[in-house]
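So you can see what is in the structure, the chains are spelled out below.
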Amino acid sequence: MHIELDKYAHINSHVHHWDTRFKIVSLVGLIVGFSFINKIVLLPFILIISFLLVYFSRLPARYLMKRLEYIIPFLFLAVFLLSITSGGEILYSFKILKVYKEGLIIGSVIFIRSIASILIFFVLLETSPFLQTMKALQALKIPSKLTGLVFFTYRYIYVYLEELRKMKIALRLRGYNNNSVLHSLRTNSAIIGSLLLRSLEQAERICTAMVLRGYSGNVQESSRFSARASDYVKSLITLVIILVIIIIQKTMP
Amino acid sequence: MHISDGVLNGNIYITGYAITSLITAYTLKKVSEEDIPKISVVTSVFFVASLIHIKIGPTSVHLVLNGLVGILLGMAAFPSILIGLLLQAFIFGHGGITSLGVNAVIMGVPALIAHALFELRKLNPKKSFVLFLAFFCGGISIFFSSVLLSVFLILSEKEFETVAKIAVVSNIPIMIIEAIICLFVVKFLLRVKPQLLE
Chain A
1 MHIELDKYAH INSHVHHWDT RFKIVSLVGL IVGFSFINKI VLLPFILIIS
51 FLLVYFSRLP ARYLMKRLEY IIPFLFLAVF LLSITSGGEI LYSFKILKVY
101 KEGLIIGSVI FIRSIASILI FFVLLETSPF LQTMKALQAL KIPSKLTGLV
151 FFTYRYIYVY LEELRKMKIA LRLRGYNNNS VLHSLRTNSA IIGSLLLRSL
201 EQAERICTAM VLRGYSGNVQ ESSRFSARAS DYVKSLITLV IILVIIIIQK
251 TMP
Chain B
254 MHISDGVLNG NIYITGYAIT SLITAYTLKK VSEEDIPKIS VVTSVFFVAS
304 LIHIKIGPTS VHLVLNGLVG ILLGMAAFPS ILIGLLLQAF IFGHGGITSL
354 GVNAVIMGVP ALIAHALFEL RKLNPKKSFV LFLAFFCGGI SIFFSSVLLS
404 VFLILSEKEF ETVAKIAVVS NIPIMIIEAI ICLFVVKFLL RVKPQLLE
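These protein sequences, in sequence, are chains A and B. Under my numbering, the first residue of the first sequence is numbered 1, with each subsequent residue one higher. Under my numbering, the first residue of the second sequence is numbered 254, with each subsequent residue one higher.
Treat the hints as calculated values from the structure; they're not laboratory data. Every residue, glycine too, gets a C-beta built ideally from N, C-alpha and C. One thing to keep in mind: the hints can contain errors.
Chain A regions said to be covered by chain B (calculated; three or more residues, Cβ under 8 Å) [unchecked claim]:
1) 90-99
2) 196-204
3) 235-244
Using 30 Å as the maximum straight-line C-alpha spacing, the simulated BS3-like pairs for lysine-lysine come out as follows [stated by the list, open to error]:
4) Lys446(B) x Lys145(A)
5) Lys101(A) x Lys418(B)
6) Lys418(B) x Lys375(B)
7) Lys145(A) x Lys7(A)
8) Lys282(B) x Lys101(A)
9) Lys66(A) x Lys308(B)
10) Lys418(B) x Lys39(A)
11) Lys411(B) x Lys291(B)
12) Lys375(B) x Lys95(A)
13) Lys145(A) x Lys418(B)
14) Lys308(B) x Lys168(A)
15) Lys39(A) x Lys66(A)
16) Lys418(B) x Lys166(A)
17) Lys375(B) x Lys308(B)
18) Lys375(B) x Lys440(B)
19) Lys141(A) x Lys7(A)
20) Lys95(A) x Lys411(B)
21) Lys308(B) x Lys411(B)
22) Lys141(A) x Lys283(B)
23) Lys283(B) x Lys411(B)
24) Lys440(B) x Lys379(B)
25) Lys66(A) x Lys168(A)
26) Lys308(B) x Lys166(A)
27) Lys168(A) x Lys283(B)
28) Lys101(A) x Lys250(A)
29) Lys291(B) x Lys418(B)
30) Lys145(A) x Lys282(B)
31) Lys98(A) x Lys411(B)
32) Lys418(B) x Lys98(A)
33) Lys166(A) x Lys282(B)
Among chain B residues calculated to face chain A with C-beta under 8 Å, some are [what the hints assert, rightly or not]:
34) Gly263
35) Tyr266
36) Val284
37) Glu286
38) Val294
39) Glu372
40) Leu373
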């Protein structure tokens, strides 16, 4: 298992240059705004907004499509199930299969809303280095215990990924090939058990070492964020877009 | 069992964040600053363990392990799961950012329930009873997660009713797998280092 991060985080674009704190708040606001949309006429607009954002971010469209591919089957399944189970006015019926109008409408709204939101979330993820995003969350006054948890957990994920990889090699060398379900459950439980055991023993030592070096529960990261005029402008534009779509949604019959 | 951005209605996402903030604030109060590195290390193990896929017939499922997190971390299970989900969203793009609150409730509340249920072992410290509790906690936490998922779906759009029922039923095989895994892991820990479960 390989975790690939920050592949496109260093492209030169307006979205990449946007202060990460401002970007998080604005784009999350935009996704929240989208989730209030349920009028079909507004759907093309939110799709266009998300496409424009992808365009400005200069992220490769093919890469984003590839990431979307995992989610689209689930969304189709949800739309399909909704349209045959929601009840209400029947649009089309074939033997026992009935397609309901309400379900199809809600299904399509959810489908488009999800695609638009996920694209914006991808733009948020891919346009800043992971650690910078986490530091921005810290700068946004998230409790220090939580940010401490984020940074330590992130560091140790790689340690245990490596352990897991070694254990899997050891298993294969001993002839393990995932045959019966019960056997695979037993083996995987043993893997999880020994990972936990190693980690908890290591945790004691890590803790002692950290306390000896002066750790008292607070990791002071000097945040080097400084907002420029352009950051305010970009966030202001996003805010206006959010307000406009919500107002149109509310005032429409 | 992730809900992604855009699926539910905005009010539900906001409600999810409100519930998550309250529970996080309460559970973090119970955690001392010095325990943070220890909780993080265990969180990262669970993060890595959730990448393990179990093959069943033609498909494979990945592990959730929220019951086990509850058993091992107690009250700290909730922030641990919240951070696990946050990292999953930001590293893999699974779940989402506005749905993080809802997802934390779906996964984290059952972990707290598992923690409370596992405390019952103090009434009867016999090994077979402890193992039964582990089995029960592993399974019931997935059940509660799928129920919470369904509740959020139905609260968002009432048309989701049948889909929500399908979601609960289709999680039954995962309930059984998680129950067995939880049983085996607790059995392993009891044999190797029983102090961890005290």
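Status of the Leu373(B) interface restraint (C-beta, 8 Å, chain A): violated (22 Å)
Restraint check for Lys282(B) with Lys101(A), where alpha carbons must lie at most 30 Å apart: Distance ~49 Å between Lys282(B) and Lys101(A) Cα, so the pair is violated.
Per-stretch coverage check for the stretch 235-244 of chain A, three Cβ contacts closer than 8 Å to chain B: violated (count 0)
Hint status (Cβ of Tyr266(B) to nearest Cβ of chain A, threshold 8 Å): Status holds, d = 6 Å.
Satisfaction of hint between Lys418(B) and Lys291(B), Cα-Cα up to 30 Å: Status violated; Cα separation ~38 Å.
Satisfaction of hint between Lys39(A) and Lys418(B), Cα-Cα up to 30 Å: Judged against 30 Å, a Cα distance of about 27 Å means the pair holds.
Hinted contact Glu286(B) with chain A - closest CB pair below 8 Å: holds (2 Å)
Pairwise hint evaluation, Lys66(A) against Lys39(A), where the allowed Cα distance is 30 Å at most: Answer holds: Lys39(A) to Lys66(A) is near 28 Å, not above 30 Å.
Hinted pair Lys66(A) and Lys168(A), Cα distance within 30 Å: Holds, at about 28 Å.
Pair hint Lys145(A) and Lys282(B), alpha-carbon separation not exceeding 30 Å: holds (10 Å)
Hint check: 8 Å Cβ-Cβ cutoff, Glu372(B) to chain A: violated (19 Å)
Distance restraint between Lys375(B) and Lys95(A), which requires alpha-carbon spacing of 30 Å or less: violated (57 Å)
Hints 1, 3, 6, 8, 11, 12, 13, 16, 17, 21, 23, 27, 29, 33, 39 and 40, counting from the list given before, are not met by this structure.
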